[in-house]
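Chemist: Construct the entire structure; sequences and hints are all you get.
Chain order of the listed sequences is A and B.
For what it's worth, the working numbering labels the leading residue of the first sequence as 1, then goes sequentially.
For what it's worth, the working numbering labels the leading residue of the second sequence as 1, then goes sequentially.
Hints in this document: simulated from the structure, not taken from any laboratory.
One thing to keep in mind: the hints can contain errors.
[Said to hold, decoys possible] Each pair of labels, with its calculated beta carbon distance range:
#1 A:D45 to B:N373: 57 to 67 Å
#2 B:K56 to A:Y139: 29 to 39 Å
#3 A:H156 to B:K181: 44 to 54 Å
Beta carbons are placed, not taken as given, at the ideal position from N, Cα and C, and that holds for glycine.
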Amino acid sequence: MNKEVIDKGILDVIGKNSRFSSEDLAAMLGTDEKTIENEIKSMEDNKIICGYPALINWDNTDNEMVTALIEVNVTPQRDMGFNKVAERIYKFEEVESVYLMSGDFDLTVIIQGRSMKEVAMFVSEKLSTLEYVNSTATYFVMKKYKEHGIIMEKEHDDKERMLVTP
Amino acid sequence: MRNPLSEKIVQIQPSGIRKFFDIVSEMKDAISLGVGEPDFDTPWHIREEGIYSLEKGRTFYTSNAGLKELKEEIARYMKRRFELLYNPNGEIYVTVGGSEAIDGALRAMLDSGDEVIIPQPCYVSYEPCVILADGVPVIVELKEENEFKLKREQLESVVTDKTKILVMPFPNNPTGAIMTKEDLTEIAEFVLEHDLFVISDEIYSELTYGTNHVSIASFPNMRERTIVINGFSKSYAMTGWRLGYACGPKLIIDQMLKIHQFAIMCAPTTSQYAAVDALRNGDEDVKNMRNAYDRRRKFLIKALRDMGFKCFEPFGAFYVFPSIKEFGMSSEDFAQTLLNEEKLAVVPGTAFGNCGEGFLRISYAYSIEDLKNALERMKHFIERHRK
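Modeler: What follows is the structure, encoded as structure tokens:
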């Protein structure tokens with residue numbers, strides 16, 4: 001089987017659930033473990049697979065965690081465009097995600113903090129004071145319904161598929 | 001009181017497997033690899049279209065043959081997937097699942113005493129439907145050594161002057177066998193030589209792995225003697241919507257439509273609107289589900305073979321059909337004991353005809369996690385019972 005098909009298969013499966021073993025993946029894709037391990041390694045090296053974090057709904061724990069989405073307007077820099085400012089932002093540990101956007105503002109920054117105050121402090125002291133950052137607008141997330149294709153709430157499930165059907 | 005019952009109906013045996021199904025359904029903590037329907041939910045955009053049609057108040061009958069736009073979408077689909085040309089006006093009608101079309105086709109074509117060749121193991125309804133239509137079922141037993149494909153020689157040995165119809169149940173439930181273009185060539189020749197008609201149940205046509213489904217109707221001169229039956233249940237995970245269709249020459253479809261008109265009136269309107277969206281926007285969903293089934297198929301076959309099961313590789317539907325002959329138990333005993341001891345339900349091969357004896361139908365319409373869990377139980381079981 002060709003490499004593209006195997007790579008796509010690996011990504012389809014672990015994109016939804018990264019906990020399958022190489023042995024399971026090999027069985028599912030009809031190849032051997034060694035091939036799976038080599039392909040995963042190569043996709044890691046090429047930053048196709050960038051990590052394996054678990055998707056956590058902190059709202060269902062006792063740990064307080066707030067998420068905010070911040071629209072950021074910046075002045076692009078000569079030769080480096082937005083990348084240099086983006087880098088100065090994404091290196092902060094508090095920053096979850098940074099996207100370059102089309103439209104009315106330039107960067108979307110997603111921040112996680114332990115409290116609204118902590119996030120607000122970060123924005124006012126760290127983010128908005130950065131050179132080339134012109135303005136910010138902060139929106140706090142009230143509730144997460146779905147992330148990375150996964151529904152975060154327990155769905156009321158009264159579906160009943162019969163155990164045997166012809 | 002006079003006997004209120006029809007002798008013909010009373011003579012039809014309720015499926016021998018009914019008892020086993022009843023036991024399973026009462027065992028609430030059992031897990032199962034026994035279902036014959038997708039585990040996926042109907043893709044949301046299709047469900048949403050159904051909801052929208054209800055909101056719009058589209059709650060009336062449609063014309064007997066079905067919504068015009070649905071028939072037109074079906075015609076486009078048959079062309080793009082199977083290179084089959086049908087006129088949406090007169091050569092296609094929409095049914096309550098593929099099952100209705102099976103019944104309709106047999107009733108429209110059979111006179112008393114006409115013989116119908118049915119390859120088994122197969123889906124449970126062909127044989128009783130033939131009897132309901134006053135036909136005579138003639139069983140051909142598919143062989144494991146042929147990978148459960150139908151062979152011309154097998155037809156030669158059962159054909160008579162009275163043979164009128166050949167049922168073609170491929171991709172096959174319960175074996176997962178498919179018939180490739182090469183496999184079908186000799187069958188089509190045979191049908192033409194003997195002036196037979198074909199009812200081709202292609203409900204699993206979207207679920208073939210590594211090769212595309214070929215319809216026997218696409219062979220030269222076969223279109224006018226074939227009723228192609230398909231539907232939305234398996235390909236779009238829409239079993240509960242009860243929606244199928246039949247395509248064929250107007251001569252036959254006209255008569256099938258008459259039965260449909262008087263017995264059914266029309267297929268459910270909500271389902272028809274949803275199905276239009278399925279055909280227009282569902283190709284990607286079908287592909288994703290097919291890929292998922294293919295991964296489970298490979299996973300399951302490997303696991304069963306690792307356990308020592310003799311198991312041919314099926315390339316269609318979502319079933320594997322391993323042999324259990326080495327255990328010296330009948331299929332039904334095996335299934336019953338497995339259920340009692342491990343609380344794992346599978347379907348004995350005999351549910352699909354006597355020649356299913358010695359086999360089990362194991363479905364992979366389950367997540368890999370569910371399969372793993374079930375296979376663990378299977379492993380314990382066979383370790384205990386292997387001689």
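Chemist: Would you mind marking each hint as holding or not holding in the structure?
Modeler: Now the hints, each set against the structure:
1. A:D45 to B:N373: 57 to 67 Å: Violated, at about 34 Å.
2. B:K56 to A:Y139: 29 to 39 Å: At roughly 35 Å between Cβ atoms, Y139 (chain A) and K56 (chain B) fall inside 29 to 39 Å, so the hint holds.
3. A:H156 to B:K181: 44 to 54 Å: holds, 48 Å
Hint 1 from the list above is the single one not met by this structure.
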